[in-house]
Amino acid sequence: MKNIRVTLVEDSEIFTYIVRKMLASFPFGEIDFQTFEDGLQALDYFRENKYSPELLPDVLFLDINMPVMTGWELLDALSRDKFEFVNNIPVYILSSSDSITDTQQVKNYPFLNGYLTKPLKKDELFRLIRQVG
Amino acid sequence: MVLLNQEGQVVFINPAATSLLGLKAAAVIGKKMDGLVAFHHPKDGGIYELTELPYAKTLVTGANFKDVTMGLKIGQNPERWLSVSSDLLLKENEEIPQVLITITDVTAHVQGVLNSQTREKHLHSVISAMDDILFEIAPSGKILNGWTNLPEKLFFPLEQMTEKSVYGLFPEDLADQFRSTIQKSFRTNTTCEMEYQAPFTSHEGTWYKLKTRPISASHENLLVNISDITEAKRAKEQLKAMDIRWKFVLENADLLLCDWDLTKHSVSISGSLAKQLDLHTTEITIDQIKNRIHPDDLDTFNYVLTKCLNGDDKLYTQDYRIQRSDGSYTWLHAKSVVTGYESDGKPDRILCIGSDMTGWMNILEEVRISEEKFNQAFQYSGIGKALVDIHGRFMNVNQTLCKILGYPSEILENLTFQQITHPDDISTDLTYLAELVKGNIDSYNMEKRYLHKQGHFIWCSLTVSMVQNADKQPAFFVSQIEDISQIKRQLEILEHQTSELDLANNRLENNLRQLEEFDQIVAHNLKGPASNIAMLLQQMENCEDTEEKEQYLQYLSQSSDHLLQILQDLTQVLDVRKATVLEFELCYFKDILQDIIGSLSNKGYDFDKVKISTDFQLTGIQYVKTYLQSIFYNLVSNSLKYIRPQVDCQIHLQAYECGSYIKLIFRDNGKGIDMTKEGLHLFKFKTTFKQNDRPGVGLFLTRYQIEKFGGNIVVESQLGEGTVFTIVFEKNKLHKPQA
Numbered sequence: 001m002k003n004i005r006v007t008l009v010e011d012s013e014i015f016t017y018i019v020r021k022m023l024a025s026f027p028f029g030e031i032d033f034q035t036f037e038d039g040l041q042a043l044d045y046f047r048e049n050k051y052s053p054e055l056l057p058d059v060l061f062l063d064i065n066m067p068v069m070t071g072w073e074l075l076d077a078l079s080r081d082k083f084e085f086v087n088n089i090p091v092y093i094l095s096s097s098d099s100i101t102d103t104q105q106v107k108n109y110p111f112l113n114g115y116l117t118k119p120l121k122k123d124e125l126f127r128l129i130r131q132v133g
Numbered sequence: 001m002v003l004l005n006q007e008g009q010v011v012f013i014n015p016a017a018t019s020l021l022g023l024k025a026a027a028v029i030g031k032k033m034d035g036l037v038a039f040h041h042p043k044d045g046g047i048y049e050l051t052e053l054p055y056a057k058t059l060v061t062g063a064n065f066k067d068v069t070m071g072l073k074i075g076q077n078p079e080r081w082l083s084v085s086s087d088l089l090l091k092e093n094e095e096i097p098q099v100l101i102t103i104t105d106v107t108a109h110v111q112g113v114l115n116s117q118t119r120e121k122h123l124h125s126v127i128s129a130m131d132d133i134l135f136e137i138a139p140s141g142k143i144l145n146g147w148t149n150l151p152e153k154l155f156f157p158l159e160q161m162t163e164k165s166v167y168g169l170f171p172e173d174l175a176d177q178f179r180s181t182i183q184k185s186f187r188t189n190t191t192c193e194m195e196y197q198a199p200f201t202s203h204e205g206t207w208y209k210l211k212t213r214p215i216s217a218s219h220e221n222l223l224v225n226i227s228d229i230t231e232a233k234r235a236k237e238q239l240k241a242m243d244i245r246w247k248f249v250l251e252n253a254d255l256l257l258c259d260w261d262l263t264k265h266s267v268s269i270s271g272s273l274a275k276q277l278d279l280h281t282t283e284i285t286i287d288q289i290k291n292r293i294h295p296d297d298l299d300t301f302n303y304v305l306t307k308c309l310n311g312d313d314k315l316y317t318q319d320y321r322i323q324r325s326d327g328s329y330t331w332l333h334a335k336s337v338v339t340g341y342e343s344d345g346k347p348d349r350i351l352c353i354g355s356d357m358t359g360w361m362n363i364l365e366e367v368r369i370s371e372e373k374f375n376q377a378f379q380y381s382g383i384g385k386a387l388v389d390i391h392g393r394f395m396n397v398n399q400t401l402c403k404i405l406g407y408p409s410e411i412l413e414n415l416t417f418q419q420i421t422h423p424d425d426i427s428t429d430l431t432y433l434a435e436l437v438k439g440n441i442d443s444y445n446m447e448k449r450y451l452h453k454q455g456h457f458i459w460c461s462l463t464v465s466m467v468q469n470a471d472k473q474p475a476f477f478v479s480q481i482e483d484i485s486q487i488k489r490q491l492e493i494l495e496h497q498t499s500e501l502d503l504a505n506n507r508l509e510n511n512l513r514q515l516e517e518f519d520q521i522v523a524h525n526l527k528g529p530a531s532n533i534a535m536l537l538q539q540m541e542n543c544e545d546t547e548e549k550e551q552y553l554q555y556l557s558q559s560s561d562h563l564l565q566i567l568q569d570l571t572q573v574l575d576v577r578k579a580t581v582l583e584f585e586l587c588y589f590k591d592i593l594q595d596i597i598g599s600l601s602n603k604g605y606d607f608d609k610v611k612i613s614t615d616f617q618l619t620g621i622q623y624v625k626t627y628l629q630s631i632f633y634n635l636v637s638n639s640l641k642y643i644r645p646q647v648d649c650q651i652h653l654q655a656y657e658c659g660s661y662i663k664l665i666f667r668d669n670g671k672g673i674d675m676t677k678e679g680l681h682l683f684k685f686k687t688t689f690k691q692n693d694r695p696g697v698g699l700f701l702t703r704y705q706i707e708k709f710g711g712n713i714v715v716e717s718q719l720g721e722g723t724v725f726t727i728v729f730e731k732n733k734l735h736k737p738q739a
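Going down the list, the sequences are from chains A and B. 1 is the number of the first residue of the first sequence in the UniProt record's numbering; add one for each residue after it. 1 is the number of the first residue of the second sequence in the UniProt record's numbering; add one for each residue after it.
Since the hints were derived computationally from the structure, they do not count as laboratory data. On a predicted model such as this, the values are computed, not experimentally measured, just so you know. The C-beta atom is built at its ideal place from N, Cα and C for all residues, glycine as well.
Looking from chain B toward chain A, a few residues come up when the C-beta cut is under 7 Å (computed): (1) D519; (2) A523; (3) H524; (4) K527; (5) G528; (6) S531; (7) N532; (8) A534; (9) M535; (10) Q539; (11) Y555; (12) S559; (13) K677; (14) H681.
Which residues of chain A face chain B? A partial, calculated answer using Cβ under 10 Å: (15) F15; (16) I18; (17) V19; (18) S95; (19) K121.
Isolated chain A, as found in the complex (with noise of 0.2 Å):
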């Protein structure tokens, strides 16, 4: 069985330590865990791999507030190069805000899933990544 990439964009190494701790523990299979700083490091890696499809992610986490380049920011370029791998993978908000300024705009990408507000319970998290297993 193909591991499954989980990509995770957060600037907070706490948050990223948490969810690589809860990802190891993860029953239904082998988990590659791969995480970007921010948004602008994240969309090089996706341009580089674009024709490899095997090296982008099965399932994506993207937080909002990051330097240099917003989780809103990078979405907008994904969608502007037209990136295709986000119409066939699960992609995901992860933000500590819930104010409805951020919630409201999911509306603007019709390829996101979803909207989780930290803290990420680890059953939620390994609900979504078996839902692509």
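Given chain A, put chain B in place with the hints provided.
Same frame as chain A, but now just chain B:
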């Protein structure tokens, strides 16, 4: 009768001869005739002895000397003319001839002949003075004699014409005319004449008049007089043409011609205008004319008439109204001239030409009304109005303008607009005026300041248009000037209020944005570490790995610190925001810089290795001093924190005005900022605290303290070269404290 012998001695003299010669027979017999009487020969004018010619000639030639008419002078006696004849008498058988001189008194005859010769001489002199050609023509048409003083006027030399028929010399048509005229003259024994044009190209265009006159009743020949009438004919034609023109003018030029014969007390009137006035067929008296003069014009008419009759002037001009038959009046422009005078010098004939000027007078009336309207509109307008000559001088001003500018009209009309225009407005005004003169614009409107008589300036709205003369050249300008100082003041108030409103809006927008930002800070920055703590605790519950637990604890500590730092920053931000009394004061940049250098020195920054330079073209601004101190503190400390290793720190501060803005620039030669990564988030509230991170709240607060009063801050930076922070303040937003 006198008989002379061969020696010329008188042998016999009869009484008649002695009487004729005034001699006594006794004194003469045996004496020579020579020396006794002398004869004057009429033909050569010589003086001859009686015996000399007839006697000697007769004696020598043997021929008789017949009928020689000679003048005889006897003492003081009147001249007597004698006809002298001589015959050589030879008696039979005598060899000595004798001469018989026969003397006849022909004085009466000679006098007649001499008179005739005198007349002929006189006639010749007359003819020689004449430019005419004279011919004597026989009834047959033959030219008997011709005389002319101007042979070049003859078609043929005179000698060629003599003895030839006049009819044969000319083309048939003309010859027929000659024949007809000449024969008529012969037939009727009267004077006849004809005019003809030269039939030959040599005299083309020349006109002649032929006049025949019988020489006398008893004389059968005709005297023909031919004169060159070209000039006369031309003059006549010109006169005729002139006559036609005058007739045409008189009939069509709406003129009235009055010929007043003072001796008859009547006025003869003609001209087409006379017809229109029903005066054309009437010969009326001057009183009848007076009855038709408009009452208002009668005094003037009488005054001019009196002057005319007194002969004060030669030409008189006046305008008056004359009544038509329908009762309406026609304006006449009349010119009169005295054409005849009595022996005492008083005029006895006056000619007057009148033209209808009703239309013109109507136009004048319309112009007068129009001018009156203009004057009314000009003088009593609520708007200041002026007519300005092309040099800018006020020609006419109305009272409203005088009131606006405070000058009496007599002073204002001696000024140019340039003299009372604000120096800053003159260029614009003259530029517009030049465009107007060039015809590029029809009019212009501008707001400008005029110098009031009291010395202050008045804001006015000026509208200028141009009036051209008949040659399409600028004649003068029409200026309309409205006092808008009140409106200007209200506008200033309105602008100030708008500015205040803008500031309030700006403030509200800032507040709203800051609230949203605060909401974001709370949502992201506070919840972020809080949720981390929650998740770390959750992970720790099920964690049995000691090393892992230690990591969780370390992260818990970090998150807790992070949370506390955020709370502290937020508290600082809230402290800044909750300050409700913000007093503007004049903040001098140098003073503030000195203050913050002191503060930073106290915090351990070593300024010995820092070169701070300034270029404050503007010494300071009105601002909230604590804010400006905070701005200086954060930006200078930012430069000090990111000094490049081994490079002396240089900080340059600059302040200057730029239009309606003030620019304050902080430039350093430090590490610089990676604008790609940090540019967008430089002035935002920080969420993470990594090593070498920019301070979280400093630039955030700086931006807040600048934007609070409508300012703006931008950053330019190159890694390894340095950073430039440029703050832009709007002048009009700094003049009043903001709550």
